[in-house]
Amino acid sequence: ETGVTQSPTHLIKTRGQQVTLRCSSQSGHNTVSWYQQALGQGPQFIFQYYREEENGRGNFPPRFSGLQFPNYSSELNVNALELDDSALYLCASSLDVGGPYEQYFGPGTRLTVT
Amino acid sequence: TQLLEQSPQFLSIQEGENLTVYCNSSSVFSSLQWYRQEPGEGPVLLVTVVTGGEVKKLKRLTFQFGDARKDSSLHITAAQPGDTGLYLCAGAAGAQKLVFGQGTRLTINP
Numbered sequence: 023e024t025g026v027t028q029s030p031t032h033l034i035k036t037r038g039q040q041v042t043l044r045c046s047s048q049s050g051h052n053t054v055s056w057y058q059q060a061l062g063q064g065p066q067f068i069f070q071y072y073r074e075e076e077n078g079r080g081n082f083p084p085r086f087s088g089l090q091f092p093n094y095s096s097e098l099n100v101n102a103l104e105l106d107d108s109a110l111y112l113c114a115s116s117l118d119v120g121g122p123y124e125q126y127f128g129p130g131t132r133l134t135v136t
Numbered sequence: 576t577q578l579l580e581q582s583p584q585f586l587s588i589q590e591g592e593n594l595t596v597y598c599n600s601s602s603v604f605s606s607l608q609w610y611r612q613e614p615g616e617g618p619v620l621l622v623t624v625v626t627g628g629e630v631k632k633l634k635r636l637t638f639q640f641g642d643a644r645k646d647s648s649l650h651i652t653a654a655q656p657g658d659t660g661l662y663l664c665a666g667a668a669g670a671q672k673l674v675f676g677q678g679t680r681l682t683i684n685p
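The listed protein sequences correspond, in order, to chains F and D.
To convert, count from 1 in the first sequence and add 22; that's my numbering.
To convert, count from 1 in the second sequence and add 575; that's my numbering.
Hints were generated in silico from the structure; no laboratory data involved.
Computed from a predicted structure; not experimentally measured.
Keep in mind that the hints are not guaranteed to be accurate.
[Said to hold, decoys possible] Here are some chain F residues pointing at chain D (derived, C-beta under 8 Å):
id	residue
1	63
2	64
3	65
4	70
5	84
6	86
7	125
8	129
Even for Gly, the Cβ is constructed at its ideal location relative to N, Cα and C.
Excised from the complex, chain F in its bound form (with noise of 0.2 Å):
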């Protein structure tokens, strides 16, 4: 069984340019959520995809965006960066969006903005 991947590992981006993020469901799962940790915190719910529709969205700016595609693997996309956009971003995959919600996460990719 393959777990979640995540590319690129670590990535460096200037205030104002855009980023893509991607991600590799593990294999059976067909929900991915995306994450940000922040430094010293907790993750943060971005949004989930559910068969290649959003299916839930937290509380981040419409410049963040994202994809599911037919395979299940998922992009989030970050417009106009800001230097607070600096984080850990994870992504989650589970079966369904039925209970008991449990998400197996990627290693993240790590952005830092300049």
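With chain F held as given, fit chain D onto it using these hints.
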């Protein structure tokens, strides 16, 4: 807004000691998970508790879900240096998301 408060935020103890980490909220959660996160890695799921009052044991770790499903605790017996890490509790807030606490950074000194 559903919030989870973890305490303590930092804990440093000697090998062999016992410890308890608390996760509290004013909101009811349908389930609660505990994760452990190592530096540079994603959180790894330790346990899920679903029923109020439920107790689950994972070797030296004991997890309890409060009767009202608003709080949880993690107790570690005879802590070992390998237990060092960031422990996160997360409540299921509807079908879409997990609400995480801010984490407890645990250091076990040999």
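Output the numbers, in ascending order, of every earlier hint that fails for this structure.
5, 6
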